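For chain E, the structure is supplied; the task is to place chain D on it using the hints.
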Amino acid sequence: MAVRERVAAVTGAASGIGRATALGLSRQGARVALCDLNTSGLAGVAATIQGAGGQVRMVELDVSNQEQATKGIDSIVQAWGRLDVLVNAAGIASAGQTSRGPVLSISEPDWDRIMDVNLLGTVYCAQAAARHMMRQRSGRIVNIASIAGAIPRLNAAAYGVSKAGVRMFTKCLALELARYGVTVNAVAPGPTDTPMLGRDREGDEDPQLRERYITGTPEIFRLGVPLGKLGKPEDVASAILYLASDEAHHVTGVIFNVDGMAQLS
Amino acid sequence: MPFTNKTVLITGAGSGIGRAAAETFAQQGAQVAVADINQRNADETVNTIRQAGGTAMAFVSDVSQRAAVDMLAAAVRQTYGAIHILVNNAGIALPSMSIVDVDEATWLRVLQVNLKSILFCCQAVVPQMIAAGGGRIVNTASTAAKVPRWEIGPYCVSKAAVLHFTRCLAMELAQYQITVNAVGPGATITNLRQNSGVPEAPGTAEARREGQLKGDMEIFRIGVPLGRLGEPQDQAHAIVFLASDEASYISGQCIYVDGLQSQC
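Heads up: the protein sequence lines correspond to chains E and D, in order. Per our numbering, the first sequence runs over residues 1 to 265. Per our numbering, the second sequence runs over residues 1 to 264.
Since the hints were made in silico from the structure, they are not lab data. Being a predicted model, the structure only gives us computed values, none of them experimental. Idealized CB from N, CA, C, for every residue including glycine. Any given hint might turn out to be false.
To be verified - To list a few chain D residues with every Cβ distance to chain E over 12 Å, as calculated:
{"#": "1", "residue": "P2"}
{"#": "2", "residue": "E44"}
{"#": "3", "residue": "N47"}
{"#": "4", "residue": "V60"}
{"#": "5", "residue": "Q78"}
{"#": "6", "residue": "G134"}
{"#": "7", "residue": "I189"}
{"#": "8", "residue": "Q194"}
{"#": "9", "residue": "A201"}
{"#": "10", "residue": "T204"}
{"#": "11", "residue": "A205"}
{"#": "12", "residue": "K214"}
{"#": "13", "residue": "S244"}
{"#": "14", "residue": "D245"}
{"#": "15", "residue": "A247"}
{"#": "16", "residue": "Q263"}
Claimed, not checked - Listed next, the stretches of chain D that the computed footprint assigns to chain E, with coverage defined by at least 3 CB atoms under 8 Å from CB atoms of chain E:
{"#": "17", "segment": "102–109"}
{"#": "18", "segment": "121–127"}
{"#": "19", "segment": "157–165"}
{"#": "20", "segment": "170–180"}
Stated by the list, open to error - Which residues of chain E face chain D? A partial, calculated answer using Cβ under 10 Å:
{"#": "21", "residue": "N65"}
{"#": "22", "residue": "G149"}
{"#": "23", "residue": "R167"}
In isolation and in its complexed conformation, chain E is listed as follows:
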């Protein structure tokens, strides 16, 4: 099936990697459902897509609530008759005051919020999409992991552990859905120039932070980025579009690094 006939859902589509992916899918001709907790944040993306003649709908859902995630995904199938692609791009780098601090001081609510959005939010949307894709006997699910889920960083345990969970969930789901012809993969961005990256622990914009990611610091990725630049959301979106394409039909259970070689091991 050509991409132009496809129905795609993208969570976290208001900014960053989710936005770039939604725009990319639309340029390829897919009908795109933009899913987010706050649909007002999606209006700009929806307007851009519609301005270019694309078909779009907005779906309000909280990915961390299984019932809402299921209803939201189901509503896309009710409206457009099928679901070919799900991209789970909703994610947060921090929650509350403690999630980006030392492990010893992370509070239970902050820990839970990171896990609920990044890991379980991915799980619940993928579960809902998988049911439709199993019935169709085709589909593509692409999750956003992170190299921070493979190599440890200081003051980022909650985020890293949630992404480690996404990596294993991707593989487990891929294994179970293989017999239905549904593929499940993840991209693992390194430092990427999104609104999430440039904020410090308190959530304030820190202009120095981007440079420190490139050169490497003990607190972030000690190596820095060998390619000497941050990734752009579009770089990650390109990898997602490949994994969501027909051409990638024999690729499943893969964690695809898009990181300028920031992960060495």
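Structure of chain D alone, referenced to chain E:
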């Protein structure tokens, strides 16, 4: 003896791998805090250790709850002084089901017991270790932390999370001379399913173990190249090594004690 005057806290020490580790530490001179949610099982471990001349005390605790963990850490400290070695071994299995069908409550429960219990125990115990100038933490992960498997998805996800938590905490605690490592058991003969409230009929358990050993499309296709299933004692030896003085330059690692099962 290598662990004389060392205090070891082991969670899930009432049975299986935790019990084997408790007995091995005690044989090597440690004073062992045997924590378990099940009083009778904890008492059995303690009695076995005492009958062999070792030192141990039972502590009944639900380590998935932060308040209970804080009380546990304080009680152990009161009994034996500062904790030198923490073995985060408590965990649960789940009924087999497709990862597509797992409900929210089940996801939250497996993460609470298998992952957050370790967060809570480390938060409660590490300050004692920092004050003492060092320590050892060993977490029980699984080959399921590395290799995806059919119909136990939430277990795999929780153990992958444990493995990465191990690495992150190791990085943060390196400056205090506290090492944090994991063991990754392959199929090991324990009562994990029974203790998790998901017992199998006798024939089913045997069929599962036969599948694990010989290789099974739905479990580990290669089976166990070393030709036998793991015993709790196999895991205990690795745990005790990682907790020893000899392992002081090893941190953030996972030793897979699996008879080559995860090399697939």
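Can you give the numbers of the hints that this structure goes against, from lowest to highest?
-> No numbers; nothing is violated.
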